[in-house]
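Enquirer: According to the working numbering, the stretch in the sequence shown is residues 7 to 262, in order.
Bear in mind the hints are in silico, worked out from the structure with no lab data behind them.
Mixed in with the good hints there might be a few duds.
[Stated by the list, open to error] Capping the alpha-carbon separation at 27 Å, the derived lysine-lysine pairs in BS3-like fashion look like this:
id, residue 1, residue 2
1, K174, K255
2, K255, K225
3, K174, K225
4, K72, K18
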Amino acid sequence: LTSGAQHITGIKTDGTLWGWGQNGNGALDIVSTTNPGYYEQLPVLMGGADAWTYNKNGRFNSFAIKSNGTLWATGSNTNGILGIGSTSTPFVLTQVGTVSNYVAVDGYSHHTIALRSDGTLWAWGRNDYNQLGQGTTSADVLSPIQVGAGTEWAKIAVSGTGGSFAIKTNGTLYCWGKTCSSNLTGSNTITSRPSPFQIGTATNWLFVEPGYCHVLALKTDNTLWAWGEYSAGQLGIPGTNGIQSQTPKQVGTTTW
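Model the full structure from these sequences, guided by the hints.
Expert: Here it is as structure tokens:
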């Protein structure tokens, strides 16, 4: 299951894709131009009887990968976040490009990153704060472009503020794009990063999940780490509420 701002999608064990909640701009693969924001209170079938292997919701849109490795998207297309070559709203699941080797995708409000089976990383959408990792800002990018030339990427994630995160096969963690009022890049300098920037020197990162202004990450030794803004106890570190953590700090002493 994956949740957007007001909709949820999920894949059943038979490979079918289902969604419920708000259908804003066709986020549930339903054409309703007269009332694009109506709600579905029960799960509805998305994409027909096709087999799906991976899905991820943005804030007001939905992404999914078929068993044949093709990537599809529907919903709000602000800044070209869907990657379909335009900013138009398709209202139904529409293929992103023509390649058939996607394995993961993540997007939130204005930009998207995706991973292919050859270990390459791709991005599209808004790039005013280096969200796409190209080394410079640009106008919106409407179709996938590669992030660097590396073929060793393994995990990806996108923050709500315009930051991008990725883990390499060697367990190193990288971030680029826009930071928040706190520091999502995990260094002692609060700044936007124009291209992938390594967070620390650890080589055992397993999973990363950024929120709006803070980040949680898991290491292979099952320890949990957090950094960024701590205005409401987000980091789970007693006694430091209201203090931003500019580098990863372990959450407790137990394993997860």
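Enquirer: Take the hints in turn and mark each one as holding or not.
Expert: Outcome of the hint check:
With a CA separation close to 21 Å, the supplied pair K174 and K255 stays within the 27 Å bound. With a CA separation close to 12 Å, the supplied pair K255 and K225 stays within the 27 Å bound. Taken as a hint, the K174 and K225 pair is honoured in the structure, with Cα atoms around 13 Å apart against an allowance of 27 Å. Of the pairs offered as hints, the one joining K72 and K18 holds, with about 13 Å between alpha carbons and a cut-off of 27 Å not exceeded.
Checked against the numbered hints listed earlier, the structure breaks none of them; every hint is satisfied.
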